[in-house]
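Take a look at the letters that make up each chain.
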Amino acid sequence: MTASTRTLSATALVLALGSALSMTAVSTVHAADDTMEKCFGVALKGKNDCAAGAGTTCAGTAKMDYQGNAWKSVPKGTCTTMESKTSPTGFGQLEAFKAKS
Amino acid sequence: MLKTPSPALDSRLPPKAGLGLKSEHFREVLQTRPDLGFFEVHAENYMVAGGPLHHFLGRIREQYPLSLHGVGLSIGGEGPLDVAHLQRLAALIERYQPQSFSEHLAWSSHGPVFLNDLLPLAYDEATLDRVCQHIDQVQSSLKRVLLLENPATYLAFEASTLDEPHFISEVIRRTGCGLLLDVNNVYVSCINHCRDPLAYLGALPLHATGEIHLAGFAEDTDSLGERLLIDDHGAPVDHAVWQLYLKVLERIGPVATLIERDNHVPAWEVLLAEARQADRLLSAAGARS
Amino acid sequence: MSNQHAFTAALLDPRKACPPGLVSANGAAPESRFAVYRNNVLGSLINALADNYPVVVHLVGEEFFRAMAGVYVQSTAPRSPVMSDYGDDFAEFIKHFEPAASVPYLTDVARLERLHLQAWHAADAEPMAQEQIVKALSSPTLAGHLKIGLHPSLRLLQSPFAVVTIWAAHQHQTPVPFEAFPAQNALVLRNGLDVKVFAISHAAHGFITALQQGVSLIAAIEASNDLDLEHTLAGLIRHQAITHLLAEQVSP
Numbered sequence: 001m002t003a004s005t006r007t008l009s010a011t012a013l014v015l016a017l018g019s020a021l022s023m024t025a026v027s028t029v030h031a032a033d034d035t036m037e038k039c040f041g042v043a044l045k046g047k048n049d050c051a052a053g054a055g056t057t058c059a060g061t062a063k064m065d066y067q068g069n070a071w072k073s074v075p076k077g078t079c080t081t082m083e084s085k086t087s088p089t090g091f092g093q094l095e096a097f098k099a100k101s
Numbered sequence: 001m002l003k004t005p006s007p008a009l010d011s012r013l014p015p016k017a018g019l020g021l022k023s024e025h026f027r028e029v030l031q032t033r034p035d036l037g038f039f040e041v042h043a044e045n046y047m048v049a050g051g052p053l054h055h056f057l058g059r060i061r062e063q064y065p066l067s068l069h070g071v072g073l074s075i076g077g078e079g080p081l082d083v084a085h086l087q088r089l090a091a092l093i094e095r096y097q098p099q100s101f102s103e104h105l106a107w108s109s110h111g112p113v114f115l116n117d118l119l120p121l122a123y124d125e126a127t128l129d130r131v132c133q134h135i136d137q138v139q140s141s142l143k144r145v146l147l148l149e150n151p152a153t154y155l156a157f158e159a160s161t162l163d164e165p166h167f168i169s170e171v172i173r174r175t176g177c178g179l180l181l182d183v184n185n186v187y188v189s190c191i192n193h194c195r196d197p198l199a200y201l202g203a204l205p206l207h208a209t210g211e212i213h214l215a216g217f218a219e220d221t222d223s224l225g226e227r228l229l230i231d232d233h234g235a236p237v238d239h240a241v242w243q244l245y246l247k248v249l250e251r252i253g254p255v256a257t258l259i260e261r262d263n264h265v266p267a268w269e270v271l272l273a274e275a276r277q278a279d280r281l282l283s284a285a286g287a288r289s
Numbered sequence: 001m002s003n004q005h006a007f008t009a010a011l012l013d014p015r016k017a018c019p020p021g022l023v024s025a026n027g028a029a030p031e032s033r034f035a036v037y038r039n040n041v042l043g044s045l046i047n048a049l050a051d052n053y054p055v056v057v058h059l060v061g062e063e064f065f066r067a068m069a070g071v072y073v074q075s076t077a078p079r080s081p082v083m084s085d086y087g088d089d090f091a092e093f094i095k096h097f098e099p100a101a102s103v104p105y106l107t108d109v110a111r112l113e114r115l116h117l118q119a120w121h122a123a124d125a126e127p128m129a130q131e132q133i134v135k136a137l138s139s140p141t142l143a144g145h146l147k148i149g150l151h152p153s154l155r156l157l158q159s160p161f162a163v164v165t166i167w168a169a170h171q172h173q174t175p176v177p178f179e180a181f182p183a184q185n186a187l188v189l190r191n192g193l194d195v196k197v198f199a200i201s202h203a204a205h206g207f208i209t210a211l212q213q214g215v216s217l218i219a220a221i222e223a224s225n226d227l228d229l230e231h232t233l234a235g236l237i238r239h240q241a242i243t244h245l246l247a248e249q250v251s252p
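Each protein sequence line maps, in turn, to chains A, B and C.
Those letters in the first sequence? Residues 1 to 101, by full-length UniProt numbering.
Those letters in the second sequence? Residues 1 to 289, by full-length UniProt numbering.
Those letters in the third sequence? Residues 1 to 252, by full-length UniProt numbering.
In short, the hints are calculated from the structure, not lab data.
Any given hint could turn out to be false.
Stated by the list, open to error - Straight-line alpha carbon distances no greater than 20 Å define the calculated EDC-like cross-link-like pairs of lysine to aspartate or glutamate that follow: (1) Lys76(A) to Glu230(C); (2) Lys147(C) to Asp88(C); (3) Lys76(A) to Asp85(C); (4) Lys76(A) to Glu222(C); (5) Lys147(C) to Glu63(C); (6) Lys76(A) to Glu98(C); (7) Lys76(A) to Glu179(C); (8) Lys143(B) to Glu94(B); (9) Lys135(C) to Asp51(C); (10) Lys147(C) to Asp228(C).
Start from the sequences and build out the full structure, keeping to the hints where you can.
Here you go:
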């Protein structure tokens, strides 16, 4: 890299930083609906406290529900109930799979 | 004015009822500060680097005594103990200074595989030696006494030469470890193996009891259509188990008692009500002794 | 072969007979008693996966998930008693699991759920105060050579699917309709006690990846085309993703 591009980048960076920092300062006041949030992404509330993933247990499982290896099911969760206007391929494949089974 | 030191700083669990601490109850506990003797957590759930689990346990620990209950050390395993796991336990004990540390008379790992269940042991001399060696190793490396929990089992081994209470007595005699008396496990195992629960209790060294567990079970049937009880911690404590608990308290006086509920966890108030029931029996036992 | 070896093998494979040497006091068939342990092991491991991958469960339905998880569990038993780590490679398994191929985005949703869980339990680190960041970045000669230290929970994922939208559609009591496209990049970050998931631009993904790899700020900027630097930096600062700044060693 040449000295001039580095200087240019550094100057551009400082300008950008100034802008970023002022946005940050503003957004602490208007956190709910500022445009930056939209640009950065979709912010979603995190999961609640019971979403820590699998925990251990020292207890057994009452219901004898393990069903061995028999393979017979097809996906039938939300992936099959959602309609997508823009993405025929993914769901088309699903239907093809269901038709086969 | 005399300042009462926080029970969180006591060296032992108080002879009161406690509850298993679940993440869905963190905020409830901190907001309502329920009158409970202690909380118990599974050590393995806190073997994570940081985040909300440590945040909440740290805050709750400031206010309550803690029992650290291990479910993954595989004390009865044929192979050597997992030293890395022992180190993780040591780090947790250092961090939270629990009043009690307990593990199970069972195995759960084989070679590199962890099976996530408490599996039964053949009660013979070889197993006895191995279990005692492992407990010696745990106690010397953690520099504290371990409470060993009697298991709930569904099977026995032809190779067994000792019965379970005598096996446990011998482990406690040789290693100096304490007993975590799970009264539900006593009942479940005795029904499943056609034994008399009172005789079983009578053969245990109850004087070594450092903590008691109470829980509910599920009923199934075996190939003969006979009652097979599953220790699923998914129901209120059974009447028969309360009765056995009373007998234990009559014999040894009040001891810290945990209500365990891991499946079909009911509303917080329902758990608290079960803890209150244990507290009433503990108080009565305290008044007698 | 040791007793526990045979016991373990039979637990993990329902086609195997129950190991020898087992008895029940009432004379019941040992198989009917052994089945309790097998059910405990396989059932609890399947439950553990369901707990770690709740959106995947929603996407394919409970029955399909449990069957799929059962296949995984038998091939990949845990290697540690720390169950929050269990299923680290479940997304890779799903990728090669043919019956799930009809849900092409399932693998990436599983990857995102894993990153979410990792962020949840990642090490704690204090975010750097905004004033400090301002101070350090306000010198043009210094700023370019800084390296940005990011929070240990920060995770990134690139996907050809709208992985954040699909994930977000399942964070409600009742999943809402979603569209599987266009492609999205995800940023996962724990801020305080909450884990958040963001959809970020392709350029921001590249830029933050470079920062995470320890590339200096200026080099990361120069390597990223079409980067909206202001918004990306502002986002990182405001969501407290920056924990420290390091001066790069400038070679003479």
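Hint numbers contradicted by this structure: 1, 2, 3, 4, 5 and 9
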